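K.L.:
Spelled out, the chains give:
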Amino acid sequence: MIFKNIALNIRRNFYEGIKCEEIDCERTKAVRELEYRQASAAHGGLLFMHNVPGIAYGDQVIVTDHRNHKRNGQVVQISGELVTIQVIEGTDDLDLERTWVRFLQKPFQVSLSTDVLGRIFNGIGKPRDDRPPIVSSLKRNVNGSAVNPAARAYPKEFIQTGIAAIDGLNSLVRGQKLPVFSGSGLPHNRLLAQIVRQAKLLGEESNFAIVFAAMGISYSDALFFQNNFESNGVLGNVVMFINQADDPTLERLILPRTALTVAEYLAFDEDRHVLVILTDMTNYAEALREISTEKGDVPARKGYPGYLYSDLASIYERAGRIKNRHGSITMMPVVSMPSDDITHPIPDLTGYITEGQIVLSRELHSKGIYPPINISPSLSRLMKDGVGKNDTRDDHIRVANQLFAAYAKAQEVRNLASIIGADELSEEDNHFLSFARDFETNYINQDEEQERSIFETLNIAWELLSILPASVLSRVSEADLARYHHWEGQPRDS
Amino acid sequence: MDGNLTQINGPLVRAELTEACIGEQVRIGKLNLMGEVIGREGNIALIQVYEDTESLILGEKVEALGHPLSVELGPGLLGQIFDGVQRPLLDLVQISGDYIPRGVNIPALNHDKKWLFEASQNLEMDSIVSGGMSLGTVKETELVTHQILIPPNCSGTLIWLAESGSYTLNDPVARIKNEQDTEELLYLSHRWPVRTPRPFNRRADAIAPLITGQRIFDTFFPLLKGGKAAIPGPFGAGKTMIQQQIARWSDADIVIYVGCGERGNELVDVLESFPQLIDPRSKRSLMERTILVANTSNMPVVAREASIYVGVTMAEYYRDQGLDVVMVADSTSRWAEALREVAGRLGQMPVEEGYPAYLASRLAAFYERSGRVHILGHEKNNSDPSGKDPARNDQGSVTLIGAVSPPGGDFSEPVTGHTKEIVQTFWALSKELADARHYPSVSWTESFSEYVSVTADWWLENVHPDWLQLRTEALSLLSQAQELMRIVNLVGPEALSSEQRWVLEAADLIKEGVLQQSALDEVDSYASPEKQFLLLQMMLIIYHQGESLITLGMSVQALKELPLLITAKRCKSTYSSEQTENLKQFIIQIKSDFQKYRLEYTQEFL
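Protein chains in written order, with the working numbering: chain A, 1 to 494; chain B, 1001 to 1606.
It is possible that part of the hints are untrue.
Using 20 Å as the maximum straight-line C-alpha spacing, the simulated PhoX-like pairs for lysine-lysine come out as follows [stated by the list, open to error]:
1) K409/A <-> K1596/B
2) K70/A <-> K106/A
3) K1591/B <-> K106/A
4) K200/A <-> K156/A
5) K126/A <-> K70/A
6) K409/A <-> K1139/B
7) K1560/B <-> K1431/B
8) K139/A <-> K106/A
9) K1511/B <-> K1560/B
10) K1420/B <-> K1431/B
11) K1560/B <-> K409/A
12) K1177/B <-> K1139/B
Since the hints were made in silico from the structure, they are not lab data.
Note that the coordinates shown come from a computational prediction; the quantities given were computed from them, not determined experimentally.
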C-alpha cells in the first residue's frame, strides 16, 4: 500500500500572502483557503493526498510545484482519509515533497460578462490572447445544472444554412443539437465554417453569438476558424475556447463545460441565439478514457468507462430552448469516427443523445463532391416540426421523404448494375441511375461560397424528381405532382 | 438514525450507518440529498444518491428515514410529469425555476386540491374489508373514474366511511379497525414501495389484442393487453416515434410513458403535443389518460434506475382499479447502463460488456410485473351478490413495452439478448429500412409475436375470419420476395420468370401500401383494424388477379403500368378509418377492372 507510509501533511493558511500556521481546520469563513504539502502519490494526472479534512467533492484546487508554477485540479474522489485530485495540466514533473496543494473550497467556476465576446480562452476560462482576465461578480459553476424538462420549449424555428443537403433533407432548427460525424481528412471544418457564415432564420435579423470550443485540435485548424470568423466580420460575436493538440489532455474534460456555461449565460441571460461548435468530441472522450483508466474504473466498451453516455449527455443536453427566455443554444459538435466506424462507442452514444446527425462520406469526398454529406444515414429528428406550410413550403417534408426513398432505391440499382452491368437494367432502373448521378452532382454538391435559399433547394429537388416517372413517386401527393412535376418521359443526359 | 459520510465516489457514497436496511431511504448532508441504501458492509452503508453529489463533504450527517423508496398513489397522477423519483416537474418549475435544484422535497400530488368523492354504495358499516376493495370513486379526468382503493396490505372492520363530497388528499375518508384492534385512517391516496410488486388475486389469461392502429403491429406482430414487448433498434431507426404512436393511439385506458435517460427535447415534444392530441375514441385530450415520467439523459443516473420502477408501480395501481394500462419505457438500455455504472463504481465483477451478472434477472423481474390479473378485493364482492361492484372490471392489465438501444445496432449485445428471451413480442427495427425511409422501420423477418393464435380468435370475432390466412400469405409473399431479390442481386432480373417478377411487385405493394405508415400524415397515422384488414385484402386481391392475367400471358410490365396500382398504394392516406365503405367500393372496382382487362386481353388474342 503506497499510501500508508505518509503520516502527516503540512498545511499552510492563506489570508493575504502566504503564512504557515497550524490550526484546526473547519470549513469556516475565517479559514477560506488551505494549503497542504506532502501528497502521498502522483501518477497519470492524478494526485493523492492523505489527511485533509473538510474537503468537498468536486472542489477546485491549485497545485504549486517545486518551480512555483501553478496547476489547476479538481477533487474527483474522497475515500476515508484519501483524497484524489485530478490535475488538469498533468502530473509530469511533480514531486511529492515540494508540491503544495491549495484547496479553494469551491467548485470550478467561470466569470461571466458580455466582455467574453471577441475573446480567446483556454479550457478553464483563462485568457489565451494576452489580454486581461474577465472580472465579474457573476460566477457560475461550470457543471451547470440540468434543465427541468417541463421548463424547456420545443425547438421548431427553421434555420436556413444555405446548404441543400442540410436544409432540404436534414433541416436544422434553433435549439437543436446536430452533430457532424466525420473522419480524418474530411472537410468538416469547411462545412462548419460555411454554416457559421450562412446560417440565418427566414425573415429575421437576430442577436446572435458563436461559442467555439476546440478540444485537442491542431494549431492550423484553430487558425482556420479564427481567420474565418475574422474575414466574416463576426469576431466580435465569437467566444473561443481553445485547447490544442499539445495542450494538457485533461483540460479537454472541463473545456466544453466552461464553454457551455458561457453559452448558457449568453443565451438565457443576454437573450442571444448562440451557436455552439464543439470540435472534436472524440478527443474529449479519449481524455475521459485516459483518466478513468487511471482511476481504475471498470471499462465498458473499447476501454471507455460505463458512464460515457451520462457524461456525454451532460454536455449535449445543455443545448435547447427554455420557455419565456428569448435566447437559444444550438449545438453542432464534430465527432470524428475512428476508422470511419459509425458503431464506435463515441459516435454511437452521441447519436443516441443528439437529435440526429450529419454523416460525411469518404466515397463522396473522393468523387469531388462538397459537402460530402451521405444522406442515407443522416437524419434530423426535429425537422418534422420546423418545416412545412408555415415555416418553409408545404411540400418540404414529402419532397424530402421522396428524395430519401428514391436515392435509396437508386443505390440498390447501382449495386445491381455493378453486378450484372448497366446494359441489363430496365428503363425504369436507368431513370434511377441518372437520378442518383444528378442528385449527387447537382443537389448535394454545391460551392463553398454558394448560399441556396430553401426555395431554390426545393426547386432543384423537383427538377431531379422530374427525371423519374410519377408512378414511382408515391411519397409525394397528387397535388404536388400536378404542381411541380414535369416528366418528359426520357432520362436526361447530364 | 444518523451517521457520517465516509466516502464519496460520484453518485455512490458510503456512510457509517448502523441498523439501516437495504433499500432504505436516506437524506444526506446540509444539501439534503436523497439516496437509497444498496448494501451494508459491517457498520458501513453503501448509498446510491439520486442527485449530484458535488460539494458533499466527508463527515456530513446522513439520516436514515426508515422507509424504502415509495410513490404516492391517488387522484391527480394523470396529466402529470414526474422525475425519476416522482417529484412533479411542473411544480418544481414554479418553486425553483428552470433548472432542477438539489435537495428539494415536494409531494408528488397536490394536497390542496379538492376532489369530488363518491362513496361506494356496496360497503356496509362493520363489515370486514380488505386490501384492494374500493371505498368509492373520484372522477379524476373526463376519461378516467378513479377507484379509491384500500391499500393492499390493509384489512379490518370498516367503522366509518365519509359521505360523498369534496375532500383533499389530507382529509380522511374512512376508518377501519384492524385485527390488532387499532384504528387506522384511510385517505384518498396511499404510498407503495416501488421495488415491491403490488399484489393481485391471481393471474388471468391475456385474451384481447392491444390495438395500436399501426398495421405492422396489429396485423403482423400483435401484442396482447397484459403482454410484454421489446422494440430494439439502432439510433435513427424511429424508435421514439413508434413509442409515441403507441402512446397516442393504443386502446388502453391509461398510458404511462417513461423517458428513461432520453433526450430532453423529445420529452418536450410529448409534453407539448399530447395535450393537443385527441383520443380517437373519447374525443378528449390524450393527457387526460397519460402520465409521464421523465429522467432525461443529463439528470442523475441513479434516479434513472429508479424511474422504471416508479412508472411500473403507478401502472400496477391503475391496473388494480380494473383498467388496462400500457407502460412504455424508453429506453431500458439506459436503465441497464445505470445499473452498470453503479455496479462499476461498487467494483462488482463485470460479465458481459461491463454489465453486472444480475442484469438478466433484474430485467426478467421487471418485465414480469406486466400481465393480466384478477384484481384484489373484487372476488369477495362477487361471492356476495348484494355487494357486487359493477362499476369496475374484475380484471386489469399492465402491458409493458420496452425500447432497447443496442450499441451499434448489434442485437447480440447483452441487453437485447436477455430481453429477447423474456418478451413475447419482438419488434425489431432495421437500420436499412430506416435509411430508405421505410417507416415504421420494423423488420418483418426478425420480428416475432407469440400471440398470433390468440389474436386470430379476436379478429375472427370482430373483423373478418380470413385474417390469419391473409397474414400468413402476406408474410410468405414477403419472404419469397426476399429470396428472389437475392437471385436478382446475383444474376439480374432477367433470370426471373414473369410469375416471380410479379411476386416482387406484390411484395412492393404490401410494403408501400400496408407496412409503411406515416405518423405525420393525419389520415394514415391511425388505421382501425377494419381498415388494416381491407388494405391487406386489397393488395392480395391485386396480386391474385394479376397472377391469373400473367398465366393468360400478360406481361409484368403491362401490369405494372396499371394506374390502379399506385392508387391502391395511396389508399392508406386517402381513406380514413371511418371511410371503410370507400375502401370496399374500391376493392369491388379493382375486381371489375381486372375483369375488364381480362376480357380486353383475351379479345386481343381472338
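K.L.:
Confirm or reject each hint.
P.N.:
Consistency of the hints with the structure:
no. : hint                : verdict
1   : K409/A <-> K1596/B  : violated (33 Å)
2   : K70/A <-> K106/A    : holds (17 Å)
3   : K1591/B <-> K106/A  : violated (79 Å)
4   : K200/A <-> K156/A   : holds (14 Å)
5   : K126/A <-> K70/A    : holds (13 Å)
6   : K409/A <-> K1139/B  : violated (53 Å)
7   : K1560/B <-> K1431/B : violated (28 Å)
8   : K139/A <-> K106/A   : holds (11 Å)
9   : K1511/B <-> K1560/B : holds (15 Å)
10  : K1420/B <-> K1431/B : holds (18 Å)
11  : K1560/B <-> K409/A  : holds (17 Å)
12  : K1177/B <-> K1139/B : violated (28 Å)
This entry does not satisfy hints 1, 3, 6, 7, 12, going by the numbered hints stated previously.
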